[in-house]
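Chemist: Sequence:
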Amino acid sequence: MSIIFSLLIFCLVVVIHEAGHMLVAKANGIHVTEFWVGFGPKLFSFDRGDTRYCLRLIPLGGACVFEDDNGEADYVPGPGAFMSASVYSRMLTVFAGPFFNFVLAFFLAVFVLGISGYTTTELESVNEGSPAMAAGLLPGDVIVKMDGERVHLYEEIILNTQFNRGTAVDITYERNGERHTVSITPEYSEEYGRYLFGITGGLRDENQTVLSTVRYSFYYVGFMIKNVFKSLGAMVTGKVSLNDMSGVVGVAAAVDDVYNEARDYGALIVLVNMMNIAVLLSANLGVVNLLPIPGLDGGKLLLYIVEIFRKKPVDRELEGRISLVGFAALMVLTVVIMYNDIVKLFR
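Per the working numbering: the sequence shown = residues 34 to 380.
These aren't lab readings, by the way, just hints derived from the structure by calculation. C-beta atoms are modelled at their ideal positions from N, C-alpha and C, and glycine is treated no differently. A couple of the hints might just be wrong.
[As the list claims (entries may be wrong)] DSSO-like mimics (lysine-lysine), calculated; alpha carbons at most 30 Å apart, straight line:
| id | residue 1 | residue 2 |
| --- | --- | --- |
| 1 | Lys-59 | Lys-75 |
| 2 | Lys-259 | Lys-178 |
| 3 | Lys-59 | Lys-263 |
| 4 | Lys-344 | Lys-59 |
| 5 | Lys-178 | Lys-263 |
[Said to hold, decoys possible] Here are the in silico distance ranges between beta carbons for each label pair:
| id | residue 1 | residue 2 | range |
| --- | --- | --- | --- |
| 6 | Glu-207 | Leu-265 | 27 to 35 Å |
| 7 | Ile-341 | Gly-73 | 33 to 41 Å |
| 8 | Ile-91 | Glu-294 | 26 to 34 Å |
| 9 | Leu-304 | Ile-338 | 37 to 45 Å |
Sequences are here, hints too, so could you generate the full structure?
Modeler: Structure below.
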């Protein structure tokens, strides 16, 4: 069952991404020849308008095929070709994929938080003799900022501690309607293998409403996006290695673990947990695709920004070579991560 959930989640986040490209392309007069759901052998297809919609055997992603992607060497772009559209139309079309991932993450977050609730930044307890107690924090205090950065969910506090390496943090908290700021240096815990402030929280909001659920869903997606950026930053600075990253196999293994833990609590809890994983993956896909790396949407956007300043397109052959090199590098990275995921399964 967990395999089915993994395939459905991957398919959902990728198909929504490609649907974003397709819908905005059509709105800008760009001809979409085919839209696939899945990969591999074609199961069935139908035509609607000038687009053929296909369902393929392997429910792992999808694709949006433009007129320019026909692979013919002597092809001359017509009025409906992607490259015939204005640079701004192309930018909107490319950006739409990641943007739709953020939209999907938001709506899934509304569902998840609407059922499971959201955590506040109110402290439930402060450990005896901890750096937080030494700084004067007490149970009931509400943390509002960490190093000047606003926090709305207790998960954000956890995220900030996970990437801390013993550096002092300015924490602003509210007590009895007044704000105070203290500097706290976390201490290393041998038991947990990381630096801790000595606080616990994660209390649910007892006054949750529909409007607060919508508002906190924005915060939750923002937290997921922040998580991706902090993880990428940790990888660049060497705090996180490739061995700590997970790909398709690693995510599938995580889905299996979550499913096995949640299934005893009923179908609704399983669904909420699967939706929560989809929020993370959709936000992750949106952020990663916007990175200015050749082969990704962000790499294309960078070329279009260059085109705006040059007032003429980058040579298509050069653009193709850049994208090919970037795609090849991404495939190598994918294989390395997949290999690490498989090794982890047998440890």
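Chemist: Each hint: holds or not?
Modeler: Consistency of the hints with the structure:
Simply put, Lys-59 and Lys-75 have alpha-carbon atoms about 24 Å apart, close enough for the 30 Å limit, and the pair holds. Note on Lys-259 and Lys-178: the hinted pairing holds, with a Cα-Cα distance of about 15 Å set against a maximum of 30 Å. Annotation: proposed proximity of Lys-59 to Lys-263 is violated, straight-line Cα distance about 35 Å (limit 30 Å). This hinted pair checks out: Lys-344 and Lys-59 have alpha carbons roughly 24 Å apart, not beyond 30 Å.
Only pairs whose Cα atoms come within 30 Å are accepted, and Lys-178 paired with Lys-263 is accepted, the gap being roughly 17 Å. The hinted window of 27 to 35 Å between Glu-207 and Leu-265 holds, with their beta carbons roughly 32 Å apart. Take Ile-341 and Gly-73: their Cβ atoms lie about 39 Å apart, and the range 33 to 41 Å holds. Taking 26 to 34 Å as the suggested C-beta distance range, the pair Ile-91 and Glu-294 conforms, at roughly 27 Å.
Between Leu-304 and Ile-338, the C-beta spacing of about 41 Å keeps the proposed range 37 to 45 Å intact.
Hint 3 alone, counting from the list given before, is not met by this structure.
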